[in-house]
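Peer 1: Chain by chain, the residues:
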Amino acid sequence: MVEKTKGLKRVVIEPVTRVEGHGKVSLLLDEQHRVVQARLHIVEFRGFERFIQGRPFWEIPVTVQRLCGICPVSHHLAAAKAMDRIVGGEKLTPTAEKVRRLMHYGQILQSHALHFFHLSAPDLLFGFDADPAERNIIGIIKKYPDLAVQGVLLRKYGQEIIKATAGKKIHGTGAIPGGVNKNLSIAERDGFLKEFDQIFTWAKASVKLTADYTMEHLAELANFGAFPSSHMSLIRKDGAMDLYHGDLRCIDSTGKTIIDHVDYQDYLQHILEEVKDWTYMKFPFLKALGPEKGWYRVGPLARINTCDFIDTPEAEAARKAFFAALGARPCNMTMAYHWARMIELVHAVEKIGELLHDRDLQGTDLVTSGPRRGEAVGLLEAPRGTLFHHFRVDENDRVTMCNLIVSTTHNNEAMNSAVRSVAAEYISGKPHITEGLLNRIEVAIRAYDPCLSCATHALGRMPLVVQLIDHEGNVIEEKARS
Amino acid sequence: MSDKTITFTIDEVEVKARPGQTIMEAADEAAIYIPRLCSLKGLSPFGACRVCTVLVNGRPQSSCTQPAAPGIVVENASERLHDIRQDIVEMLFVEGNHFCMFCEKSGNCELQAMGYRLGMMEPKYPRLWPRRELDASHPDIFIDRDRCILCARCIRASREQDGKHILGFLGRGPHKRVTPDSSDGLVQTDAAVADAAVAACPVGSLMRKRVGFGIPIGQRKYDHRPIGSDIESGAEVPDERK
Numbered sequence: 001m002v003e004k005t006k007g008l009k010r011v012v013i014e015p016v017t018r019v020e021g022h023g024k025v026s027l028l029l030d031e032q033h034r035v036v037q038a039r040l041h042i043v044e045f046r047g048f049e050r051f052i053q054g055r056p057f058w059e060i061p062v063t064v065q066r067l068c069g070i071c072p073v074s075h076h077l078a079a080a081k082a083m084d085r086i087v088g089g090e091k092l093t094p095t096a097e098k099v100r101r102l103m104h105y106g107q108i109l110q111s112h113a114l115h116f117f118h119l120s121a122p123d124l125l126f127g128f129d130a131d132p133a134e135r136n137i138i139g140i141i142k143k144y145p146d147l148a149v150q151g152v153l154l155r156k157y158g159q160e161i162i163k164a165t166a167g168k169k170i171h172g173t174g175a176i177p178g179g180v181n182k183n184l185s186i187a188e189r190d191g192f193l194k195e196f197d198q199i200f201t202w203a204k205a206s207v208k209l210t211a212d213y214t215m216e217h218l219a220e221l222a223n224f225g226a227f228p229s230s231h232m233s234l235i236r237k238d239g240a241m242d243l244y245h246g247d248l249r250c251i252d253s254t255g256k257t258i259i260d261h262v263d264y265q266d267y268l269q270h271i272l273e274e275v276k277d278w279t280y281m282k283f284p285f286l287k288a289l290g291p292e293k294g295w296y297r298v299g300p301l302a303r304i305n306t307c308d309f310i311d312t313p314e315a316e317a318a319r320k321a322f323f324a325a326l327g328a329r330p331c332n333m334t335m336a337y338h339w340a341r342m343i344e345l346v347h348a349v350e351k352i353g354e355l356l357h358d359r360d361l362q363g364t365d366l367v368t369s370g371p372r373r374g375e376a377v378g379l380l381e382a383p384r385g386t387l388f389h390h391f392r393v394d395e396n397d398r399v400t401m402c403n404l405i406v407s408t409t410h411n412n413e414a415m416n417s418a419v420r421s422v423a424a425e426y427i428s429g430k431p432h433i434t435e436g437l438l439n440r441i442e443v444a445i446r447a448y449d450p451c452l453s454c455a456t457h458a459l460g461r462m463p464l465v466v467q468l469i470d471h472e473g474n475v476i477e478e479k480a481r482s
Numbered sequence: 483m484s485d486k487t488i489t490f491t492i493d494e495v496e497v498k499a500r501p502g503q504t505i506m507e508a509a510d511e512a513a514i515y516i517p518r519l520c521s522l523k524g525l526s527p528f529g530a531c532r533v534c535t536v537l538v539n540g541r542p543q544s545s546c547t548q549p550a551a552p553g554i555v556v557e558n559a560s561e562r563l564h565d566i567r568q569d570i571v572e573m574l575f576v577e578g579n580h581f582c583m584f585c586e587k588s589g590n591c592e593l594q595a596m597g598y599r600l601g602m603m604e605p606k607y608p609r610l611w612p613r614r615e616l617d618a619s620h621p622d623i624f625i626d627r628d629r630c631i632l633c634a635r636c637i638r639a640s641r642e643q644d645g646k647h648i649l650g651f652l653g654r655g656p657h658k659r660v661t662p663d664s665s666d667g668l669v670q671t672d673a674a675v676a677d678a679a680v681a682a683c684p685v686g687s688l689m690r691k692r693v694g695f696g697i698p699i700g701q702r703k704y705d706h707r708p709i710g711s712d713i714e715s716g717a718e719v720p721d722e723r724k
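Line order of the protein sequences matches chains G and R.
All residue numbers for the first sequence refer to this note's numbering, where the first residue is 1 and numbers rise by one.
All residue numbers for the second sequence refer to this note's numbering, where the first residue is 483 and numbers rise by one.
Honestly, the hints are just simulated from the structure, not real lab data.
Even for Gly, the Cβ is constructed at its ideal location relative to N, Cα and C.
No incorrect hints appear here.
Pairs of lysine-lysine, DSS-like flavour, derived with a Cα cap of 30 Å: (1) G:Lys-156 <-> R:Lys-703; (2) G:Lys-143 <-> G:Lys-204; (3) G:Lys-9 <-> G:Lys-282; (4) G:Lys-163 <-> G:Lys-208; (5) G:Lys-320 <-> G:Lys-208; (6) G:Lys-9 <-> G:Lys-276; (7) R:Lys-691 <-> R:Lys-646; (8) G:Lys-163 <-> R:Lys-703; (9) G:Lys-287 <-> G:Lys-24; (10) G:Lys-168 <-> R:Lys-606; (11) R:Lys-703 <-> G:Lys-169; (12) G:Lys-163 <-> R:Lys-691; (13) G:Lys-169 <-> G:Lys-91; (14) G:Lys-320 <-> G:Lys-256; (15) G:Lys-169 <-> R:Lys-691; (16) G:Lys-168 <-> R:Lys-691; (17) G:Lys-194 <-> G:Lys-208; (18) G:Lys-430 <-> G:Lys-6; (19) G:Lys-91 <-> R:Lys-691; (20) R:Lys-703 <-> G:Lys-168.
So the derived label-pair ranges between C-beta atoms look like this: (21) R:Val-576 <-> G:Asp-394: 22 to 32 Å; (22) G:Tyr-280 <-> R:Pro-608: 27 to 37 Å; (23) G:Asp-394 <-> R:Pro-608: 27 to 37 Å; (24) R:Pro-656 <-> G:Glu-134: 51 to 61 Å; (25) G:Ile-138 <-> R:Arg-654: 53 to 63 Å; (26) G:Glu-354 <-> R:Trp-611: 45 to 55 Å.
Please work from the sequences and hints to get the whole structure.
Peer 2: This is the structure in structure tokens:
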């Protein structure tokens, strides 16, 4: 925390581009151009936790997913999991559980494909310093048309699965308290099976692409925005990666277990949130370690670090190759998020393949219920990391309390650490700040795939504005991409 | 038809009616659709919403209350009436708090379906954002007044079909609202989930609890056909509750 800002220059990256939502980065520079403070600010305010109060609980899975246009399914399912417990229906019928899992793996596939191919690949394939006019998805389409098509079609496959299970590609209604409102028809299943082999081939190629890229550029990437941290995710009872359901596990930067097999209904006994006055995003931390040391990372890298194994063969082989190449668990390299993300993409495709051959998807027993509860927590592993939905519902069926901790919030301190690290290494002390240097800060943020507001924005528009502001607040230099 | 048959025209098409029939009833039997929201088969005419406005010999009349008369010239499917109806529907949208995107009635809602049928885009009028109370006191049904369009279908169905006098209007102008005959809410009335009043609501206002989004997208009433298409196809005059 800088006490006095007089005499310091402020560099602002606003908005941060090729991420979901709206955020900005501010850097404070002294007269020697040294970075004395670097922060990622979330400048949007959403208010969902307040304005769903008083609403009937059964509409919440459909309402809260409006937080986001990219991962609405994650919010839809997390809220539905909480509402399952409210209606006493947390032990879903096999059909309901499998339809929801299919929806979720479709979501993981489409979101990971979007993030990698559309948002991050331009930095990786063209280089951090490449001309921003080329360093975008349009550039990828021009220079690597086959890859661009794979990215688009991988995403489409995931979106079509979401449509078949939720009714719409964005903001569907498939998950209802205690179950689902439809199964998967044989015609829908056969349509997906027809395309499956091609999708699986492309998914495997995506892992190879990120693995090759990481190893070729390891000298630069190993320390790029890297720092030791704890890692948290859900895991299955047997230690396997499970993106839909499990218990909480958190390990420290050396792999030592901090919490393990914690029932997420009790998350408040282990996790608290700190509020800071310069951002709308809270800072969660593990109670046992306190706000200074208790922060952690979530998302693909955290999941691959916390799980003992992955229960699908291609993804498990890729996970082993990952650690064979990068060293022992856990890996603390920020830029390894991309490789981990593509391992999960393969895992999601393998899971989709398993489910499509399961006749339970055509079952007709869709909804269940049991003794009513007044409070419940729903958790799952969203594409960007662990997503918490916590609700209280009164005896008249109205929501009285809602607490949402989204993946990007868990990663708040981690992203700020990455920004500080990159700013210190690449910008501090440099007399001239180029667009490429500033882009490195965005590259570090993009590795986490943040969903800053959970809102989409136009592709290829790159509306970056960088301002140099002197200590009196005058804009002395401004660069804008258009 | 008997000697007492009334003959008149709607948009220059000859239509026959029995004495006592409204213009709308005669039009329905002739497979001519006149848009409507507050009218429901089996309930007494009310004339609240004015969406069914037609021009009778050049004068605006609500076709759900106006009796058919010999020789009248009725204008229905004209551009100017379309514009008037669209304006009325837009006013209904801005007067309440209608969020179709996460309303459980979406796809089965007559107001939404009417908006689509009339080609409504963003309302041209400023939204009023009224503050309205939700009554969830009853164990099986609730009133979400945000979505109420004051059509009185629930009030009429409750009195005329359920034989109960438990719902009515309270207040005037922008403060007018449906209210149960109890200061403690619906729970203190003998309202029941099977009441005709519940089924009569055209929007998501008087609703069964815990139904929510049970019907998947693609199987909802208006997912594949616009409101009024069953009348135009010559099918039996629909009861929108079914």
